[in-house]
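Residues per chain, in single letters:
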Amino acid sequence: MRQLELPSRIESVEEAALAADEFAKSCGFGDEITFAVDLAVRESVANAVKHGNKFDDSKMVQMTMDDRAEGFEITVRDFGSGFSVDDIADPTDPENLLKTNGRGILFMRSFMDEVEWENPADGGLRVKMLKKR
Amino acid sequence: MADITITERQAGDVTILDLVGKVTIGEGSVALRTTIRRLLGEGKNKILLNLGGVGYIDSSGIGELVSSFTAVKKEGGVLKLLSLTQKIQDLLAITKLLTVFDTFDDEASALSSYN
Chain X
1 MRQLELPSRI
11 ESVEEAALAA
21 DEFAKSCGFG
31 DEITFAVDLA
41 VRESVANAVK
51 HGNKFDDSKM
61 VQMTMDDRAE
71 GFEITVRDFG
81 SGFSVDDIAD
91 PTDPENLLKT
101 NGRGILFMRS
111 FMDEVEWENP
121 ADGGLRVKML
131 KKR
Chain B
134 MADITITERQ
144 AGDVTILDLV
154 GKVTIGEGSV
164 ALRTTIRRLL
174 GEGKNKILLN
184 LGGVGYIDSS
194 GIGELVSSFT
204 AVKKEGGVLK
214 LLSLTQKIQD
224 LLAITKLLTV
234 FDTFDDEASA
244 LSSYN
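Protein chains in written order, with our numbering: chain X, 1 to 133; chain B, 134 to 248.
Hints listed in this document are in silico derivations from the structure and should not be mistaken for laboratory results.
In this text, a Cβ means the ideal position worked out from N, Cα and C, and glycines have one as well.
Careful, some of the hints might be misleading.
Stated by the list, open to error - Ranges between beta-carbon positions, derived for each pair: (1) ASP239(B) / ALA89(X): 33 to 41 Å; (2) VAL153(B) / ARG133(X): 32 to 40 Å; (3) GLU5(X) / VAL233(B): 35 to 43 Å.
Said to hold, decoys possible - Some chain X residues well away from chain B (every beta-carbon gap over 10 Å; in silico): (4) GLU11; (5) CYS27; (6) GLY28; (7) GLU43; (8) LYS54; (9) PHE55; (10) ASP57; (11) LYS59; (12) GLU70; (13) GLY82; (14) GLY104; (15) SER110; (16) LYS132.
So here's chain B without its partners, still in its complex pose (with noise of 0.2 Å):
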C-alpha cells in the first residue's frame, strides 16, 4: 500500500492537494515532489496543501514541504499550508519552519487569502 494519497482539487486559479498518509523517507516524499513539480509544468503555481489527513511526517518530509515551498516561488506562485495537525505543527515550530509557511485552519480563508 501507498505511504500516501494524493487528491487534486481545483478552486479558481488555486489548486488545492489533500494529501492522506504519510510523508516520510522514500515513496510519500517522492510522490510530493512529483506531483508539484507537475503542476508547475502545467504552469498551475497557486497551490494549498491539505495536511488535515496527513498522521505522520519526518525530517524528510517536512524536507520536502521547503523543497515545494521554493519550487513554486522559483515560478513566480505560492504554496500554503492548510488543516496542520498538533504533531505537524509542533515539528514546524521546532524547525522555525511557521515562520516560513503561511498556514490556514480552514479552507475559505487559505482559498481568499490567493486574492
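For reference, chain X alone in the conformation it holds in the complex (with noise of 0.2 Å):
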C-alpha cells in the first residue's frame, strides 16, 4: 500500500495523478485499469481539495492506493464539511447538460467497478473506489 498526504492546491491533481499512475505500473496493471484509475483519481482529489477542503492550506487531502487481490483500491479523504452524493444533481438530465459542473463523480461511478463514500465520525468524506483486474 502506498499513502500520501496532499496540500489544499490544484497542483495536488496532477501529483496524485502522477503517483498513482507510477503506483500502477509498478504493480504490473494495464493501460484501461491505468486510465480509468487516472481518471478516477484525478476527479476525487480535484473534489477533495475544492468542494472538500475549500482550497483551506490547513486542511491536507489523504490519499491511498493498494494493489489487492480484486484489483486497484483508491481511497480519497478530505476534511470538509461532507456531503451526501445523493444532493448531487444528475448531469445527464436535459435541465442540466449545459451546466458547467457535476460531471466528476459520474466520471468516477463510469470508469470505477466500485466506488463508496462514507462521512468518517472525525469529520470530512473519503471515498473508496476499486477497479477489478
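Got two chains here, separate frames each, mind docking them using the hints?
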C-alpha cells in the first residue's frame, strides 16, 4: 500500500495522478485500468481540494493506493464538512446538460467498478474506489 | 511546461483553434476560457475547436467546453468540435453531450457546415 498527504491546491491533482500512474505501472496493471484509475484519482482529488477542503491550506487530502487481490483500490479523504452524494444533481438530465460542473462523480462511477462514499466520525468525506483486474 | 497549447487559424469567417495537450482543472481550462472570451471580444463567434491533439480531458475541461459553447451561443455564434479522440468521444457520450455539440471528423466538412 502507498499513502500520500497532499495540500489543498490544484497542483495536488496532477501530483496524485502521477503517483497513481507510477503505482499502477509498478504493480503491472494494464492501460485500461491505469486510465480509469488516473481519471478517478484526478476527479476525486479535485473534489477533495475544491469542494471538501475548499482550498484551505490547513487541511490535507489523504490518499491511499492498494494492490489488492480484487484489483486497484484507492481511497481519497478530505477534512471538509462532508456531503451526501445523493444531493448531486444528475448531470445527464436534460435540464442539467449545460451546467458547467457536476460530472466528476459520474466519471468516477462510470470508469471504476465500485465507488463508495462515507462520512468518517471525525469529519470530512472519504471515497473508496475499486477497479477490478 | 504549460498543460495546453492553443494555436489560432482563420478559415474564412471561422476561427479554428488547434488544441494540443490537456484540458484539465487549472491551467488548461483557464487557457481555453481566456482564448474563447478574447475571440468573442474581437467579434469572432464562429469557432471550431480541433481536439485532435488533446490527449486528456477531465470533468473540469468538459465543463469548460460547455461553458465555451454557451458563451459563444449567447453572442449569436456557433462552437463546434473537430477530431475527437476515442476517449473524448466516450466522455462526451457518458455525459450525453454528444447530443449538444456538433462534432466532425474532418475539417472540410466542419467548415462547410457553418455556411
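Determine whether the Cβ-Cβ distance between VAL153(B) and ARG133(X) falls within the hinted range of 32 to 40 Å.
Since the Cβ atoms of VAL153(B) and ARG133(X) sit about 34 Å apart, the hinted range of 32 to 40 Å holds.
Least C-beta distance between LYS54(X) and chain B, which was stated to exceed 10 Å
holds (15 Å)
Minimum C-beta separation from PHE55(X) to chain B exceeding 10 Å: can you confirm that?
Non-interface label stands for PHE55(X): nearest chain B Cβ at 12 Å, farther than 10 Å.
So is SER110(X) really clear of chain B, every C-beta pair being over 10 Å apart?
violated (5 Å)
Reported absence of GLU43(X) from the contact zone with chain B (all CB gaps over 10 Å):
violated (6 Å)
Run the C-beta distances from GLY28(X) to all of chain B and say if the shortest one exceeds 10 Å.
Given a closest Cβ separation of 22 Å, the condition holds.
Is LYS59(X) truly not at the interface, in the sense that its beta carbon sits beyond 10 Å from all beta carbons of chain B?
Since the minimum Cβ distance to chain B is about 18 Å, LYS59(X) lies beyond 10 Å and the statement holds.
Check on GLU11(X) being off the interface with chain B, judged by Cβ distance over 10 Å
Answer for GLU11(X): violated, closest chain B Cβ roughly 8 Å.
Verify this label for me: CYS27(X) is non-interface relative to chain B, using a Cβ-Cβ cutoff of 10 Å.
holds (21 Å)
Quick check for students: does the CB of GLY82(X) sit more than 10 Å from each CB in chain B?
Answer for GLY82(X): holds, closest chain B Cβ roughly 20 Å.
Taking the shortest Cβ-to-Cβ distance between ASP57(X) and chain B, state whether it exceeds 10 Å.
Fine: 17 Å to the nearest Cβ keeps ASP57(X) off the interface.
Cβ separation check - LYS132(X) to all of chain B, threshold 10 Å:
With a cut-off of 10 Å, LYS132(X) remains clear of chain B, as the shortest Cβ separation is near 19 Å.
Hint check: violations occur at hints 4, 7, 14 and 15; the rest are consistent with the structure.
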